[in-house]
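*Asks:* Dock chain B against chain A, hints included.
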Amino acid sequence: MSGKIKSKKGYSRLTVALAAGVIIALIAGYILGSLGKVPESNYYSLQQQYQNLTALVQNLTASVQAQKIRAAFIYVGPVGDYGWTNAHDVARRYVQNLFPWLETFYVESVSAADAPAVIDSLIAQKKVNVVFTTSFDFMDATVEEAKKHPDVIFFHCSGYKRDKNLGTYFAELYQLYYLNGLMAGALTKTNKIGYVGAYPTPEVIRHINAFALGVKAVNPNAKVYVRWLMAWYNPDGARQAAQALVSEGVDAIAYTEDSPAIIQFAEEQYKTTGKMIYVFSHYSPMYDYGPDVVVSGELVNWGVIYEDILMKIKEGVYNNTNLQNVDYWWMLKEGAVELGAKFGMPINPKFVNALKGKFVQDPTLGNISIYDLIFVRLNQMSEETVTFDPFTGPIKAQNGTVMIPTGVRAGHDTLWSLNWFVDNVVGSPTG
Amino acid sequence: MDIVTSLLLESIKASTPLLLATLGEIYTERSGILNLGIEGIMAIGAFTGFFVAYTTRSLPLSLLAAATIGILLSSLHAISSITFKANQTVSGLALAMLGLGISSVAGSKYVGLPLTLTLQPIRIPYLASVPIAGAFFNQDFLVYFSLILSIFMWFFLNRTKYGLQIIAVGENPSAADASGINVELVRYLCTLFGGALEGLAGAYISLAYLPGWIDGMTQGRGWIAIALTVLSLWDPLKGILVALAFGSIDALQYVLQPYGIPVSLLNSLPYVVTIVVMAVATILLAKRRVRPPSALGTPYIRE
Numbered sequence: 010m011s012g013k014i015k016s017k018k019g020y021s022r023l024t025v026a027l028a029a030g031v032i033i034a035l036i037a038g039y040i041l042g043s044l045g046k047v048p049e050s051n052y053y054s055l056q057q058q059y060q061n062l063t064a065l066v067q068n069l070t071a072s073v074q075a076q077k078i079r080a081a082f083i084y085v086g087p088v089g090d091y092g093w094t095n096a097h098d099v100a101r102r103y104v105q106n107l108f109p110w111l112e113t114f115y116v117e118s119v120s121a122a123d124a125p126a127v128i129d130s131l132i133a134q135k136k137v138n139v140v141f142t143t144s145f146d147f148m149d150a151t152v153e154e155a156k157k158h159p160d161v162i163f164f165h166c167s168g169y170k171r172d173k174n175l176g177t178y179f180a181e182l183y184q185l186y187y188l189n190g191l192m193a194g195a196l197t198k199t200n201k202i203g204y205v206g207a208y209p210t211p212e213v214i215r216h217i218n219a220f221a222l223g224v225k226a227v228n229p230n231a232k233v234y235v236r237w238l239m240a241w242y243n244p245d246g247a248r249q250a251a252q253a254l255v256s257e258g259v260d261a262i263a264y265t266e267d268s269p270a271i272i273q274f275a276e277e278q279y280k281t282t283g284k285m286i287y288v289f290s291h292y293s294p295m296y297d298y299g300p301d302v303v304v305s306g307e308l309v310n311w312g313v314i315y316e317d318i319l320m321k322i323k324e325g326v327y328n329n330t331n332l333q334n335v336d337y338w339w340m341l342k343e344g345a346v347e348l349g350a351k352f353g354m355p356i357n358p359k360f361v362n363a364l365k366g367k368f369v370q371d372p373t374l375g376n377i378s379i380y381d382l383i384f385v386r387l388n389q390m391s392e393e394t395v396t397f398d399p400f401t402g403p404i405k406a407q408n409g410t411v412m413i414p415t416g417v418r419a420g421h422d423t424l425w426s427l428n429w430f431v432d433n434v435v436g437s438p439t440g
Numbered sequence: 034m035d036i037v038t039s040l041l042l043e044s045i046k047a048s049t050p051l052l053l054a055t056l057g058e059i060y061t062e063r064s065g066i067l068n069l070g071i072e073g074i075m076a077i078g079a080f081t082g083f084f085v086a087y088t089t090r091s092l093p094l095s096l097l098a099a100a101t102i103g104i105l106l107s108s109l110h111a112i113s114s115i116t117f118k119a120n121q122t123v124s125g126l127a128l129a130m131l132g133l134g135i136s137s138v139a140g141s142k143y144v145g146l147p148l149t150l151t152l153q154p155i156r157i158p159y160l161a162s163v164p165i166a167g168a169f170f171n172q173d174f175l176v177y178f179s180l181i182l183s184i185f186m187w188f189f190l191n192r193t194k195y196g197l198q199i200i201a202v203g204e205n206p207s208a209a210d211a212s213g214i215n216v217e218l219v220r221y222l223c224t225l226f227g228g229a230l231e232g233l234a235g236a237y238i239s240l241a242y243l244p245g246w247i248d249g250m251t252q253g254r255g256w257i258a259i260a261l262t263v264l265s266l267w268d269p270l271k272g273i274l275v276a277l278a279f280g281s282i283d284a285l286q287y288v289l290q291p292y293g294i295p296v297s298l299l300n301s302l303p304y305v306v307t308i309v310v311m312a313v314a315t316i317l318l319a320k321r322r323v324r325p326p327s328a329l330g331t332p333y334i335r336e
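As they're listed, the protein sequences go chains A and B. All letters in the first sequence, in the order written, are residues 10 to 440 by this note's numbering. All letters in the second sequence, in the order written, are residues 34 to 336 by this note's numbering.
Some hints here could point you the wrong way.
Claimed, not checked - Below, in silico cross-link-like pairs of lysine-lysine (DSSO-like), each with a Cα-Cα straight-line distance of 30 Å or less:
1) B:K142 / A:K351
2) A:K321 / A:K342
3) B:K320 / A:K280
Simulated from the structure, these hints should not be mistaken for laboratory data.
Here chain A stands alone, though its shape is the one from the complex:
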């Protein structure tokens, strides 16, 4: 019995000990457990919060990225051409600095055949959501790419094909060519004025016609002699064409070619032989290349167009479904173009007195100096309601046919497809 009790007692002691151990363990466990449980629950809630935060950050980033415009510019020439492509790149840098939400990319010297691959890779790798293609050559490639990437916004410069996500834009210079023509007509002493054209496209023909109409308005006896280069960039050819014109008695030259070669040629003639050839700079500020010979010129400011397009995309005015009828045809009124060979200098001061000293009889303005006439026309074309247009009839073609009847102002479509020269131009409009 006692053994039993003993054993019982022993058992009970063991039990007690075990029980105590268990209790201690339980308490300890409870305490430890509860201790552990607190941070554990905290940890989970922290993790939850972290995940929420991450999601929030991701959403925010996504929405910021969605608002961030990534625009690609496809250039046909090198940015160093000092003509067309350079002018677009100046504008690209302008909007890049202007808008903090804008990131720009560009690829230069792209051929029409390579354009689709270049656009595809910019969309795939750089995630661009706006694409500007800045050459007429890119028109068909842009149309195809716009169909292929319906969520990307496309803008094509100088073309006429549009789509729901493809708009068009252009900065037009003919008003300035007309004003340059007024100056050339007034300054020429030989009544022979030259024009060196790139290609016989409607755009260049329009510019030559506007220039010739300006000449005619102040000097009905002067003729405009045309030479074609068959290249947008060919400084050698431009120089040689100018030389050919000068050797035939031409003493004033305007041109369409992406270099200052003709200005440099005229300046060189002036410096070495004292011969004065009045020249008009093209596209980029070229006054510094020929301060003795540059009268004026045309300057383009693509920046205002890019600014307007990008701002409207940012504000949601333009999206990938409503560009079917978006076509910019911006001129003096919108500030996309400016008169002069240098921004802020419409006429080289050297020639101001010569222009003030010549007068012309205008039906409505009376006897007016050429200088004043230039600024009257400039203002009329810069106003909100344009009250003067060079292409107002009667305008005759070279063979004497009336192409624009008296009193009629030629519209966008007529000007867009010009393939004839006005009657004081000498040369072929087909090259």
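*Replies:* Just chain B, lined up with the frame of chain A:
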């Protein structure tokens, strides 16, 4: 000034960079080295000439710099094709691309900056007033230099011991080697000399013809110079003729335009003339047994 004289005046200017580059390539090829990198060397020469003139306001310094950069660039070709016996076509083409690329990147900040310091014509009294031929005597320093240089180069090549060594190295390098001529040295000197002239050819464009820097202003003249080297039958004196012919064809196009000839046809004139001249040259070559330097394009490995 009558039309012919004024056109000739302009043609001489247009042909000068072609002449300088062609003269350089004639010596290079005469020694047996084919350098297709002229376009690249000219592009960097043009930029260097402009850059040094723009920053230092010194024309002698800028001409020196353009020649030096030409020597440096052609030394790349010389090392790979003479010392390492590499394929000369590949090495030359690589140099052309390298030169165009480097000049484009280096020049990007200098586009639209006109150069007021330019090579001015030096009128030679009496001679300059002669009708037509006077056009040759109312030109700038580099024009006179290139014309005198062609005569000197012709004389040096055909009438001096060293000139004959160059010809020997280009015709039969192992025989030249056996007779004690240092083949590698001669080839190095000819290639580097060619590079110097090609650098100057580029500088002529940026300092005299179109003062300033525009990307791609060499306009493929380096490639034309390679063709002109063949057309000149590797003769410096004929080099003047072929360069002038090419310079005037270009200028002539715009004189002929008002006569109703389609512009696209006129534009193809230089190419038509190239084919005609090549055909004539081939006949002449066959008759007079003139042919390219026998060892042209093949590296010399001593056996």
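*Asks:* All the hints need checking, so say for each whether the structure fits it.
*Replies:* Hint by hint, here is what the structure shows:
{"no.": "1", "hint": "B:K142 / A:K351", "in the structure": "19 Å, holds"}
{"no.": "2", "hint": "A:K321 / A:K342", "in the structure": "19 Å, holds"}
{"no.": "3", "hint": "B:K320 / A:K280", "in the structure": "49 Å, violated"}
In this structure, only the earlier hint numbered 3 is contradicted, and the remaining ones agree with it.
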